[in-house]
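> For reference, the chains in residue letters:
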Amino acid sequence: MSKKMHIKLTVNGKPEEFLAEPRELLIYTLRERLNITGPHIGCETSHCGACTVTLNGKSVKACTMFVAQADGADVTTIEGIGGPDTLHPLQTAFKEHHGLQCGYCTPGMITRAMKLLEENPDPTEEEIRFGMAGNLCRCTGYQNIVKSIKAAASEMNAAGSSGREAAGSKKEVEAAE
Amino acid sequence: MIPAAFEYHRPKDLDGVLSLLTEHGDEARVMAGGHSLIPMMKLRMADVPHLIDLQDVAGLTGISHSDNTIRLGAMVTQHDIIGDAKLAERAPILREAALQIADPQVRYMGTVGGNVANGDPGNDMPGLMQCLDAVFTLVGPEGTRDVPARDFYEAAYMTAREDDEVLTAVTIPVPRGGYAYEKQKRKIGDYATAAAAVQIVKDGGTCTAASIAMTNLSDTPVYSDAAGAALIGTSLDDAARAAAVAAMLGDIDPTEDNRGPVAFKIHVAGVILNRAIERAWARA
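Going line by line, the protein sequences match chains A and B.
Residues 1 to 177, numbered by UniProt numbering, are exactly what the first sequence covers, in order.
Residues 1 to 284, numbered by UniProt numbering, are exactly what the second sequence covers, in order.
Incorrect hints may appear among the rest.
[To be verified] Taking lysine-lysine pairs in the DSBU-like style, the calculated list, with each CA pair at most 30 Å apart, reads:
#1 A:Lys95 with A:Lys58
#2 B:Lys42 with A:Lys150
#3 A:Lys3 with B:Lys12
#4 A:Lys14 with A:Lys4
#5 B:Lys187 with A:Lys58
#6 A:Lys58 with B:Lys202
#7 A:Lys8 with A:Lys58
#8 A:Lys8 with B:Lys42
#9 B:Lys12 with A:Lys95
#10 A:Lys147 with B:Lys12
#11 A:Lys150 with A:Lys95
#12 B:Lys42 with A:Lys147
What the hints contain is simulated information worked out from the structure, not anything from laboratory work.
Just so it is clear, the structure is predicted and the values come from calculations on it, not from any experiment.
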């Protein structure tokens, strides 16, 4: 066991402070230490994206980050995006368009989709598929996930900025083969 | 998947990094985005008693341009490369390659410096940087030195970088002519079965310069001088492309793995290089 570190994080707007071994993975910090269980552990090998969170404005896989690296960071999980009574347009769209079946990948999907739409508020189907390529779903075949994100983008664009934080207009996504 | 315990360091400057490397010797390793090193530590294939996180080290970020060169700080991420309009205009092959690395989440973390310094034959940036004739800047206790990408790789995970040195920047001459980064992979997130980086200069229908490097077809990236030479002075007809492919096949040394047997890899390498040459020529 290594020396514990004093860690400070802001998670979904709430400051957290605790002692942890630097080797603790951020996904375990969130789930087991802070009881924030929206981000899931799927593969734990940085492939599936079920553990996706937003960290300092980047979509990252929380299974591939030591808590020590995240010291001082601002983290948003699905819990910070919307709750049962305050569904985010992405959550509503996933529900209405059957963007999930078992639901295991959904928190990671929506957290990633949120960042994608911030960077590219009106993506094409191809851009959605490319931008969501780090998130695996074994139920839906992806069709309804793409439909859900497209529908949420329309909804959010129609509602102006109310459904979304300041959105960049930069088009980052482009099909690469 | 819990890695072995380690002591974590997050120095603010390069002097701090170097003194930690000197103090802890081969017990210390630097980490950039961590997306190669952390998985290895989780599998306990890498044991790192002292982990030096570079995220706060001043001077390692940013893309700077001069008339003839472009300098990428070691901590520039693939996501940064994809989003940089000036870079896309001056060296579009970097963006084309970065878009084919891993997936969006990994590209937010994955860095140029980590990708080239790690020495993994599967990484895409080493071959790309050999194609572009990049120079890597290494800083150590003895000072700063520059090593050409084409001389940097010795074997899998073995490079010209000494244990007490840090790769701080990658500098490329502004590429000329047409370009292509062509990669065959089984799925998003996989390493290449074969990949080719190509830059070609066309003058009046004739090829006047060509640079070709291949990825994941040997225990190092392979810069194939002979493949480029086979194109120069030709109009890139079928015979010239076939000669370039044949020359490239003479320089690679693929091994069988779960991406396929050697014969398949040789076949894919030829197809990928031919496609890359055609696309680069069309853009030249």
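> Name the hints, by number, that the structure is in violation of.
Violated hints: 2, 6, 9, 10, 12; rest satisfied.
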